[in-house]
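K.L.:
Chain by chain, the residues:
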Amino acid sequence: MQDEQLEILDFLRRYPPFQELPEETLHVVAQSVDVRYFKAGARILEFGEEALAWYVVRSGAVEVFRRNGTLYNRLTEGGYFGEFGLLHRKQVRFPAAALEDTLVYLIPEPVFTDLFENNEQFADLVEVEDRTRLRQVVSRREDANQLMSATVDVLISREPVMLGRGSTAMDAARCMTDEGVSSLLIVDEPDAASSTPSMVGIITDRDIRVRLVSQGLNYDTPVTDIMSSELVWVEHNQLVFEAMLQMLRNNVHHLPVLKNHRPIGVVALSDIIRYESRNSLFVVSSIFRQHSVDELAALTADVHACFARMVTEDASSRMIGSAMAVIGRSFKQRLLELAEEHLGPPPVPYCFLALGSMARQEQLIVTDQDNALVLDNSFDPARHDDYFKSLAAFVSDGLARCGYTYCTGGVMATNAKWRQPLREWERYFTDWIEKPTPESLLNSGIFFDLDGVWGKTEWIDGLRRLISRKAKGNSRFLACMARNALLRTPPLGFFKDFVVESDGRHSRAINLKRRGTAPLADLIRVHSLAVGSVALNSFERLRDIIEADILPRGRGQDLHDALEFVSMVRIRNQAGDLAVGNEPDNSIEPESLSDFERKSLRDAFLILSNAQKYLKFRYQPGRSA
Amino acid sequence: MLHLGSLQQKQPGATSGTTVHDWPQRFAELAAAAHDERLKRFYAAGAVAGDTPLSAVPLMALDVETTGLDPVRDGIVSIGLVPMRLDRILASQSRHWILKPRTALGEESVTIHGITDSQVDTAPDLIEILDEVLQHMAGHVLVVHCSAIERQFLNGALRPRIGEKIEFPVIDTMELEARLHRKKRLGLFARLFGHKQRSIRLAASRSRYGLPRYRPHHALTDALASAELLQAQIAHRFSPEAPVSALWS
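As given, the protein sequences belong to chains X and S, one line each in that order. Counting in UniProt numbering, the first sequence tops out at residue 625, every number present. Counting in UniProt numbering, the second sequence tops out at residue 249, every number present.
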């Protein structure tokens with residue numbers, strides 16, 4: 001037997017993940033430790049050598065590298081490395097070198113493996129580093145894709161040029177010429193530098209041509225007569241891509257960029273074109289050029305090509321999700337235009353809704369249509385419902401022709417229950433939130449991701465505000481939503497060519513939507529309702545959740561990375577199916593994954609699983625939210 | 001081990017008699033001459049040749065704690081051994097013995113090494129574990145910080161028990177530090193301007209190599225501390241191919 005080195009024992013006792021170990025285990029570990037000194041600059045581990053021990057930094061500093069030589073991690077006292085090698089084929093995966101004179105404690109492989117397998121808390125803590133790895137996987141891809149994931153503010157090259165609303169058309173033209181800009185913001189109080197100038201309109205080169213010169217108006221015409229006052233803008237932190245879609249949707253070429261309600265610049269379409277590929281842009285604009293359902297249905301191939309191209313170009317899941325959502329939206333909008341041409345104008349105003357993944361802008365190519373109709377309160381079923389029933393059927397059938405399968409749960413405007421006046425929808429939401437039962441919310445969860453697509457979209461903003469107001473702090477409702485969000489769980493992991501389920505069963509394939517992205521989105525939705533966020537996109541919701549600081553530190557970023565990674569595997573899997581002519585789906589067979597993907601997916605599922613545990617804890621019935 | 005100012009000022013090696021160059025030869029002679037069977041076996045296990053590269057030398061860090069400062073009157077209360085190679089300190093194979101010294105524990109020494117009367121009361125006499133200790137040491141070059149003290153106390157304990165003393169090759173980490181920092185005495189001006197000689201005590205030497213601070217005066221911790229110091233000294237100043245004879249005495 002050996003005798004105990006007290007310094008080693010005391011050291012281990014001071015640091016996680018050892019801190020948590022039972023005293024007897026700690027003694028066993030301390031007695032297994034060997035020691036080695038490395039001079040600054042000395043190599044500690046080489047790639048591919050046999051992994052014999054787990055390394056804990058006792059003093060000094062160590063750098064851990066990727067195989068290609070780039071820095072992976074930097075560790076100091078209490079840091080550890082070498083676990084990847086021990087967990088994978090007992091070969092060193094990440095070389096390491098001493099950055100300073102360093103003393104390391106070596107824990108032999110059998111002791112480490114024993115700890116990892118028999119001590120859940122220890123394994124979880126060591127897994128933390130796995131999470132940093134997922135972060136690095138995701139951020140590396142995000143880096144590679146900087147142009148496409150750039151936010152609008154990178155396009156701004158100068159302060160916006162502003163002019164008071166009392167100016168004339170000639171003042172505006174001179175100002176634009178002097179400043180060399182193609183647009184001006186018209187504001188209420190241009191001189192009050194301290195107060196926020198209130199933006200009342202925008203005027204562009206085109207307005208001077210179309211609204212002034214070609215109309216034969218006098219140069220003294222007030223700018224307010226020729227400006228566009230229906231302002232469309234973007235927030236500074238929106239994606240460039242979203243700005244582009246905003247322009248397309250509203251048929252404008254200039255967008256003021258706002259930060260804290262203050263204009264900080266203007267982006268023009270030409271700015272964006274420099275940044276963006278035109279692929280999805282072309283699909284969207286060609287949708288609006290089609291004149292029949294047949295013609296629209298013929299675009300399915302283009303949609304798939306656009307999807308595949310974005311995957312090839314390494315777009316992020318957010319880019320792809322929002323591009324596909326905008327394409328889906330555009331189909332709906334064009335179908336509604338065609339329907340109105342066909343059926344005549346609507347008898348009462350209405351708004352056509354997108355629900356679920358389209359509303360969240362997380363749509364992929366395999367998706368069903370979840371939609372609904374909100375009708376004006378003057379809606380009279382006897383007189384008006386025939387029209388809206390036909391309208392719903394036209395859109396729904398058209399969408400099915402374009403590749404958006406009917407919703408098996410019946411969440412479609414063709415269902416009379418989901419074709420109701422606004423006041424009824426307000427009652428629906430009020431009931432769901434104020435008299436919640438897990439059962440009633442089971443089928444209505446999808447309605448909490450809602451976006452207006454066509455018509456009176458402002459009603460939907462009102463509904464969203466109602467939801468946000470009523471849901472925030474309503475612990476009973478949140479508890480029910482949380483309970484439903486826990487119904488779909490991630491699998492434990494992978495073993496060879498099968499998936500290990502939480503109950504120990506094996507399956508041949510895994511549905512990445514049902515077991516991955518959907519429960520992630522569910523979980524994020526609960527938190528976002530709890531903090532009163534009105535965001536729709538899961539990544540944006542996460543931003544609000546992180547800002548509200550309701551998650552343990554770092555967990556928000558972990559969820560972001562997990563969602564991004566699982567989504568990308570799902571997306572690439574679908575693109576792969578398309579490439580070989582298979583019907584794309586959401587299920588994936590473990591043998592088709594690379595080692596790396598398996599490992600990272602396992603990390604992501606672990607994050608989801610831990611986040612579900614936390615969700616359960618946080619929204620226990622009766623706990624004040 | 002207690003490292004005291006007066007002892008540190010002595011030139012290391014001065015008390016170890018003449019320097020031995022050929023330890024295998026010396027061990028052969030000692031094996032023949034020794035009367036005690038345990039000692040005979042220890043010497044018979046042999047010693048590495050002086051031209052053996054450091055990387056191939058089996059090493060054993062050693063520290064003893066004592067009841068006091070006088071090698072004649074005071075006794076050993078604990079012994080720590082940590083085997084090592086150039087590329088690995090085998091802390092997992094550390095050995096530690098608490099011994100019952102012939103003289104009672106002084107209050108002062110208890111506060112230093114923390115070993116109490118009750119622990120010592122049930123402890124064996126050195127003679128009972130001598131064979132075991134020697135078996136662990138056999139075939140190794142010892143590593144000690146300030147070897148003069150260890151040698152004096154070991155011999156001071158052995159002489160009354162077996163009537164013989166012990167010799168073995170030692171790498172003294174303090175002497176290695178002294179080579180670097182005590183080459184010449186500080187000049188008059190340096191002393192006038194308050195320059196102090198650099199300390200070659202264990203903790204001070206370790207801190208120069210970026211080694212952590214350990215609580216001193218536990219035989220096992222001090223042996224580990226000396227082992228780490230030797231690894232650091234060699235990493236910075238010697239080639240792994242250097243002959244062990246360049247370091248030992």
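For the record, the hints were derived by calculation from the structure and aren't laboratory data. Don't be surprised by glycine CBs; every beta carbon is placed ideally from N, CA and C. Misleading hints may appear alongside valid ones.
[What the hints assert, rightly or not] These stretches of chain X come out as covered by chain S in the derived footprint (C-beta under 8 Å, 3 or more residues): (1) 56-66; (2) 334-343; (3) 351-364.
[Unchecked claim] Residues of chain X clear of chain S, computed beta-carbon distances all greater than 10 Å: (4) I8; (5) E20; (6) E49; (7) D153; (8) F429.
K.L.:
Run every hint past the structure and note whether it holds.
P.N.:
To see whether the hints hold, each was checked on the structure:
{"no.": "1", "hint": "56-66", "verdict": "holds (count 3)"}
{"no.": "2", "hint": "334-343", "verdict": "violated (count 0)"}
{"no.": "3", "hint": "351-364", "verdict": "violated (count 0)"}
{"no.": "4", "hint": "I8", "verdict": "violated, 6 Å"}
{"no.": "5", "hint": "E20", "verdict": "holds, 22 Å"}
{"no.": "6", "hint": "E49", "verdict": "holds, 13 Å"}
{"no.": "7", "hint": "D153", "verdict": "holds, 45 Å"}
{"no.": "8", "hint": "F429", "verdict": "holds, 62 Å"}
Of the numbered hints given earlier, the model fails hints 2, 3, 4; all others are met.
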